[in-house]
Amino acid sequence: MVDGVAPRAFTREDILGILDSVMDPEVPVLSVRELGIVRDVSVDSSGAVIVTVTPTYSGCPAIAVIEADIISAIRTAGVADVLVRTVYAPAWTTDWIPPEARAKLKAYGIAPPLRTDSPGDLVQLLRVRPSVQCPYCDSYETETRSEYGSTACKAVCWCRACRQPFELFKSI
Amino acid sequence: MTAPSVVPAAVEPPNARVELLLRLGDDRLVLGHRLSEWCGHGPILEEDIALSNVALDLIGQATMFLRLAGEEEGKGRDEDALAYFREAVEFRNCQLVELPRGDFAFTIARQFLFDVYAVVMLDGLAKGSDPEIAAIAAKALKEAKYHVRHSGEWMLKLGDGTEESHRRAQCAVDDLWRFTAELFAPDDVDRTMLEAGAAPELSAVRTQWDTLVRDVLDRATLTVPHDVPRAASARGGRCGAHTEFLGHMLAEMQIVARSHPGATW
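Protein chains in written order, with the numbering used here: chain A, 1 to 172; chain G, 1 to 265.
Hint data in this document are derived by calculation from the structure and do not stem from the laboratory. Check each hint, because a few of them may be wrong.
Example chain G residues on the side facing chain A (calculated, C-beta under 10 Å, incomplete) [to be verified]: (1) M64; (2) V116; (3) V119; (4) A134; (5) A135; (6) I136; (7) T211; (8) R219.
Note that the Cβ used here is the ideal one computed from N, Cα and C, for glycine as well.
For reference, chain G alone in the conformation it holds in the complex (with noise of 0.2 Å):
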């Protein structure tokens, strides 16, 4: 008797575009979320209404690219129910985003870090083979603009202002920096992209960031981190490994949706 052939099941490979779409729109709920929460808690009036405009123009484009991963997607789920059903293991953002706020300098330095990002890698995708894709990066790259503009001002402010906000802006900076490394780190999915003219390459956008953040951190008189070891690095979020935080905002953000299915107002 031979042994019964064990057939593996077929394991579908993950759609590359659903892919970075999800990473794409998960990065700015995310960061819209944790931006949001500073709405009533602003150091001043301007500050308030800035950081809550900027959370809104983050869930917006966030919107937009779910929107897009759920129809490419096919499984028949809306931005909404990719926002509000999906369980922590399943979003796609990089672990900078999902940092709680913590204070006003670190709001601003995380802010700026991915600002930088978001215009970079915007201005790639705009500029690529998915005409769709690069619709809603042309429409938000605008938008990112005005926020790096808005976060390099302040990281000026707070590191060339007085002692103590410039110390909170290197401690900000330095914390932060391990989490860099994973905006750049490229996998299967951003080769796929690349390979199809889609996206552009991560190590050109690092490239580009870093002449961008050193600019900016030099004229605010803090001090460019040290790169950190591999091992130290964060990593793991756009595969669906995320700190702790993650699942706490989480709850916060979804436990309206989820008591209250389909409920509209």
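If we strip away everything but chain A, and leave its shape as in the complex, we get (with noise of 0.2 Å):
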């Protein structure tokens, strides 16, 4: 900031414009905002933000990385004020990934989630698995090999078609 300049009225939309900036330090494709981690931004009379946020899984060790990354990229734009706030309600669900994000991601080699399941009986739950389609030759014939991966957030699963291993960005 140059002395003597006011400085600068940020809006709501500013800040959603840096935010898309800010990616998941763990799957670095997917901004934030992609993710469906900011759930609300605001900004007072004062020009305060508060981002509003919600974790992915209660034990990502990310959480704590994507907080920073978020005040960081909005203080070096230029506002001093700036708060993270976490809800737990609604719950994050890999529903809320749009469709462009999710073509990124098979880009990026891992597959996207699946829809989640409507709650239905539990004993399906554990019976019924769904087919998961191979991120690099589009085959069906693929097996998991683990239901956790690099991260929290995938499982570990082989194509059988094209002998790959590939991580599955898992439904929640």
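Each of the two chains sits in its own frame; use the hints to bring them together as a complex.
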């Protein structure tokens, strides 16, 4: 900021634009907005910014990093007063990830999340396994090797058609 | 001269909301810590990662439940104070989760029995009348569904696997069975929260738990143990009566926080 120049007033849209450039630290092709972590942004009359976020997994170690990244990006743009507020309801769901972001995940080699099941019979939960499409060759001849992968949000799969391991963004 | 009248000190009735939140939080904190003991010791890399991931989820859920418990209690204790500066008798977890991790079959069988209970219980809490508890439960339920799929599939692999894996899985289920009744034994806290519409009826939770557990054990070719006589069933964890194992675990879990109070890193 240059001395003597009044600080620029930021609108809600400006802040949303800044958040488009804040990437998830573990899935760097998606922004925190595309992931659905950002639930709301407000700018009050004094110019103070409040960003409301919701965590992905409750034990996700990236939460603190994401908060720090959001604050740092908005401060760097010239806003002094930034607060990140966490809410738990409604609970984060991968259904909030839009189609364009799903395409980015696939291009990055991560199978996008499936649509979450409607709350059905709990017995079915332990019996039915939906089929996953390989992000490389589009085959459905795949198997899940492990429900847990390199991060809390991914599972490890194997494609029998192209004989490639790949990661699946879990649906919750 | 008349005898001085003895006025009994007013005993504050336990706050049912705080108690329920401590039970939910402590179950997850203690089990999460037990699972974290596998980090670097898993039988295969994928399982090392899986058990550590489940541990992270459970400790994250514990953080949310304990934070709310501390707020409701109003004594200025946050989730860290509750986790690191309470004695074993103040913990409200069920005894099932505090048992040493045992072999891999024992860890998985315990996890499966708990995961099914968690899914049914959280489902009921998420539909309950307490908006803050319901919000945390709805979030935790999504994770619990993944947990039960993981532990349930391992029950099938171990039970319907080799002679050795079957034997170990059956031993684990047999040893753990007497710790399951405690999950469904209602007391005043459960009744108060049920009347408030905030928590599910434990007998209904048990019915659903039975159906799900039997379905998987049957398919895993494992025998469902006979009901354990009441006198031989574990109980008391919800009121602070624990096995000797919890104290040992807490000594390890709390040593750094107690040696360096207020330290940050």
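Are any of the numbered hints broken by this structure? If so, which, sorted upward? none
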